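Quick note, the sequence shown lines up with residues 36 to 303 if you use the numbering used here.
Worth flagging that the hints you see were computed from the coordinates, not collected in a lab. As the structure is a prediction and not an experimental result, all values here were calculated from the model. Backbone N, C-alpha and C define an ideal beta-carbon position, used for all residues, glycine too. It cannot be assumed that every hint is accurate.
Just the calculated beta-carbon pair ranges, DEER-fashion [stated by the list, open to error]:
hint	residue 1	residue 2	range
1	135	41	30 to 36 Å
2	210	107	28 to 34 Å
3	146	84	42 to 48 Å
4	41	93	22 to 28 Å
5	135	108	15 to 21 Å
6	154	215	41 to 47 Å
7	249	164	39 to 45 Å
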Amino acid sequence: MSAGYGGVAVVHDLDLHVGAGEVVALLGANGAGKTTTLLTVSGLLQRLAGELTVLGVEPPMGGRFAREKVALALVRKGLAYVPEDRALFFGLSGREHLRLAARRGDGEAIELALEPFPALAAIIDRRAGLLSGGEQQMLAIARALATRPRLLLIDEMTLGLAPIIVEQLLPRVAATARSTGVGMLLVEQHVKAVLTVADRAYVMVQGRIATSGQASEMNADSQELAARYLGAIPDRHQAGPSVNLSESSSPEGTTPAERREDGGDASG
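Model the full assembly from the supplied sequences, consistent with the hints where possible.
Right, here's the structure in full:
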């Protein structure tokens, strides 16, 4: 699969898959094409060539109207997307975010979404704009979980968070994905931390998959991995033509992009 902007490819010949209950990391330096990949998988960005299968659906290579229809269909199929900027309504409480996300205010789904985050549950009635960065990230992920997703895409989950929060957040989210059978594609800058919890990983360089493998094996060689592909920063941020996130492997879903209360865009 190839994808990009204005007809210009940014991601080339991408070949990856995510299975149900599998945690897959997508690594790469800034500008490698990671966010472009998530946007394309979620249906928010048009692929330019190749094949893309998400939850058994093959999104057409259409214009904006077609993309919006596909993105909505994927959400209904079970795709949830947590963008880098979290896309929260700062004037709403955490509980209100979860009620909006859960189908018909599904109370059980809300409880399950909060289960990995007891600290968030204790302040769930606080407005999102008053939460710390770590608390906001927990809320963004909990909101996605409240939709009962089958495929969860998360862009830079730990960006700007303290190391102690990173150590707590990544294992909890990975454990939740596995226990509920949710496939997760995770763009992450903390290489060693994410390789500790992931099942498999792909490394992107200039829009292409440079290497991939079992996360445990790549973690054992994380220093060399970082030096070779990521600019020698281990805790930062010849492929085939298709991307398959199929119904049997993992669902793909995107929570509707919310617009910030202050008027900022909710982009990924």
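Hint check results:
1. At roughly 33 Å, the beta-carbon separation of residue 135 and residue 41 lies within the given 30 to 36 Å, and the hint holds.
2. A hinted range of 28 to 34 Å for the beta carbons of residue 210 and residue 107 is consistent with their spacing of about 30 Å.
3. The hinted window of 42 to 48 Å between residue 146 and residue 84 holds, with their beta carbons roughly 43 Å apart.
4. The beta-carbon spacing between residue 41 and residue 93, approximately 23 Å, falls within the hinted interval of 22 to 28 Å.
5. Hint check: residue 135 to residue 108, Cβ distance near 20 Å, so the stated range 15 to 21 Å holds.
6. The hinted window of 41 to 47 Å between residue 154 and residue 215 is violated, with their beta carbons roughly 20 Å apart.
7. Roughly 41 Å separates the CB atoms of residue 249 and residue 164, a value that falls within the hinted 39 to 45 Å.
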